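K.L.:
Now for the letters of each chain:
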Amino acid sequence: MNILMTGISGRFGRRVASRLSRKHHIIGVDPRKCPALPKRIEHHHHDIRHRPVENLFRRNKIDAVIHLGTVHNFRISPKKLYERNVMGTEVLLKHVSKYNVGKLVLLSSGDVYGPMPTNSHYITEEAPLMATQRFPEIRTMVAVDRAVQTFFWKHPDIETVILRPAHIVGPHVRNAPSNYLRLKMIPRLMGFDPIVQLLAESDLIAMLEDSLRSGIRGILNVAGTEPLPLSRIFHVLGKPTLPVPYSLFKLALGKMWQYRMTAFPAPELDHIRFHAVLDTTLAKKTLGVSPELDLYDILAPFRLH
Amino acid sequence: MDFVVALAKWFELIGKIPGELGSLSASPELKARVDRIPTRLGAHGVDAFGFNPESLKCAVGLGAWFYEHYFRCDTYGVNNIPDGRCFVIANHSGQLPFDGAMLSMAAFLERDPPRFLRSMVERFVPSLPFVSTFLTRCGQILGTPENCRRLLENGEAILVFPEGVRGLNKTWEHRYRLQRFGQGFMRLALETNTPIVPAAVIGAEEQAPSLFNAKALGNLLGLPAVPITPTFPLVPGLGMLPYPTKYRIYFGEPMTFNGNADDEDAAVLDRVQEVHARIQTMIDDGLAKRKNVFW
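As you go down the protein sequences, you meet chains P and L in turn.
Here this note's numbering is used: position 217 in the first sequence is 227, and no number is missing along the way.
Here this note's numbering is used: position 202 in the second sequence is 210, and no number is missing along the way.
Mixed in with the good hints, there may be bad ones.
Said to hold, decoys possible - Simulated pairs of lysine-lysine, PhoX-like, Cα-Cα distance not exceeding 20 angstroms:
id: 1; chain 1: L; residue 1: K17; chain 2: P; residue 2: K194
id: 2; chain 1: P; residue 1: K249; chain 2: L; residue 2: K24
id: 3; chain 1: P; residue 1: K249; chain 2: L; residue 2: K17
id: 4; chain 1: P; residue 1: K108; chain 2: P; residue 2: K71
Unchecked claim - Just some of the chain P residues that point at chain L, by a computed CB distance under 10 angstroms:
id: 5; residue: P127
id: 6; residue: S241
id: 7; residue: F284
Said to hold, decoys possible - Beyond 10 angstroms from chain P on every Cβ pair, some chain L residues (computed):
id: 8; residue: P36
id: 9; residue: I45
id: 10; residue: T83
id: 11; residue: P90
id: 12; residue: T179
id: 13; residue: W180
id: 14; residue: P217
id: 15; residue: L231
id: 16; residue: F265
id: 17; residue: G294
What the hints contain is simulated information worked out from the structure, not anything from laboratory work.
All of these numbers come straight from a predicted model, not from anything done at the bench.
The beta-carbon is built from N, C-alpha and C at its ideal position, and this holds for glycine as well.
Sequences are here, hints too, so could you generate the full structure?
P.N.:
Here it is, written out as C-alpha cells:
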C-alpha cells in the first residue's frame, strides 16, 4: 500500500512512519528536516499547500493518506496556524478526492470537545466541539476536525477516519500531557481531582495502523486506560505534587506564558480541573486492536528512578 | 527546590486530615454497610462516574450523626425502594439541601441491603474546588439527561427534586406547597422504563424559614437565592445552620408509567402531575400526623 503521511518529521510522526514502513511504502511530506528516518521512507520537504505535493499524488497511486501534520504550537501567529492547519487540510482534502485515494485518516484530538464544567460525564462522538469557548487558540484544530467531518459526509466512497484520542503520553512525544508528567515536582489544582484517561503513544500507533484496514470509517474516540482520577496517576508516579489555588495558578501561568517561561497555555489548566472522559464504546467495537499498556506501563518512563 | 518539596509534603499531610477525621467519625458498622452497597468499581477504585466507596466512608459518619442525632429522622416505607434502577422523586425545601442528604442516609441506613441514592448536582458545582471533588467521589454527578440515562442503565437509584431551587428556596408562606415540577425526569422514566418512588420529607421547611428572598442581592452575588431567615444574616456564621427540627421521611409505593418519551409536553405533564399530586398527598398526610415540629 502506498501511504502519504503528513507531519512525518514530528517525534510522533517519525515513529508512526517507521512502524508502518515495515508493511507499506511511506511517502512523507513535512517542511521540517528529519535526519533519523529509515532509508526506505521517502521524505519530501514541502508544505502541504505547495504544488509539488500534488505531483506526489499524480505520480504515485496513493492508497491512503494519514494526516498528522496539524500544528499544535500556540506560540505561532494565528495567521500562520490558520494557513498551516486549515488551508493545508483543505488542499490535502482536494487532492484526496481528485486522485481517488480510498482512505483518509486524520489524527484529531479529544481536546476538540474541550473540558467544560457543563459537560456530561462521558463524551460521545456526537458531542458538540466546544473547546474554543474557553480556549480560543485551539480553533484551527477544531476547524480541521470539522473540515474532515464535512469531507466524510460529502464523499461516502472514501473511507474517512477521524481519531480523537485522549491524552497521548509516551517517552518520545513532547505534548502538554507528557511534559506535565515529566515535571520533577508536579503542580496541581487545589481541590480538583478530575477523572482523566491516558493513551500510550505505542497503542495509538497500533490504532492508526488498524484504522487503515478496509471497512473502517467514521469518527472514533480512543483511549488507553480506564477513566481514573488524576490523583491516582500522581500516586503511581510517586512524585511530589504541589496544590495551587486555581486563580493563582491561572494568573501565574498566564504571566509565565507571556514571558515565554512555560510551554503550557493557561486555558489548558481546564484539563486538570474538569472531567473530560471520552466514551470509547464505538472504537472498541470498530477497531480490531485494544490498548496493550496499562497505567503502570504507561507511566513507567515518567517515574522517578 | 527543597523548600518547595517540603511545602508539597506539608500540603499532602494537611490534605489527609479531613479524610482521616471523617474516617474516624464513621463506626466500623457504618463502613461495613458502605461495603454492602452494590457498586461497579473499575481497576482504579472508582466506578464509571468517579464514585469511590472509600471516600464515602469518610462522609457517612457525619451524615449518620445528622440523621440520628441532629434531625432525629423517622423513616417510613424505605423498602419501597426497589433493587434495580429507580427514581426517587421528593419535595425540596429548607434553603440548604439537607433533605437530599437525609433521604440518601435513610436509604443507606434503614434499607436492607443498603442502597445509595445518587443525586445530580447543579451546573455551577463542577467549578467549585473541594466541593466538586468530594461530591464526585461520593457518587453525585452533574445533572445532565445524558448522565442520568447512563446511571439508570447501570441500575442506579437516582434522587431527583423536580422543583429544583423553586422548592429549595421558597419562602415561609409557601411551606409544604409543592412548586411546579420539571418534566425531565418523567421523559427519562418513560424512555428507560424506570419505576418512580415518590417521597416526602416533613420537617425540612422549618429548619430555615425564609421570610424574604433578596433576589437582587442574589443576582449581584451570582447565587440562585439569598434567603433572609430569623437568624440569617442577623447572626453571622452560625445563623446559617439549620434549626434541629425533627425529620419525617416517607417513601411511597413505586409508580410505573408507560408511554412515548417524545410525546407532547401536555401528555408528559399529565403524568408529572400524577406524581406531583401523590407527593402532595403524602406531605399533607404526614403534616396531619405530626404533633410537634421539634419532637
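K.L.:
Which constraints among the numbered hints does this structure fail? Numbers only, ascending.
P.N.:
The structure breaks none of the hints.
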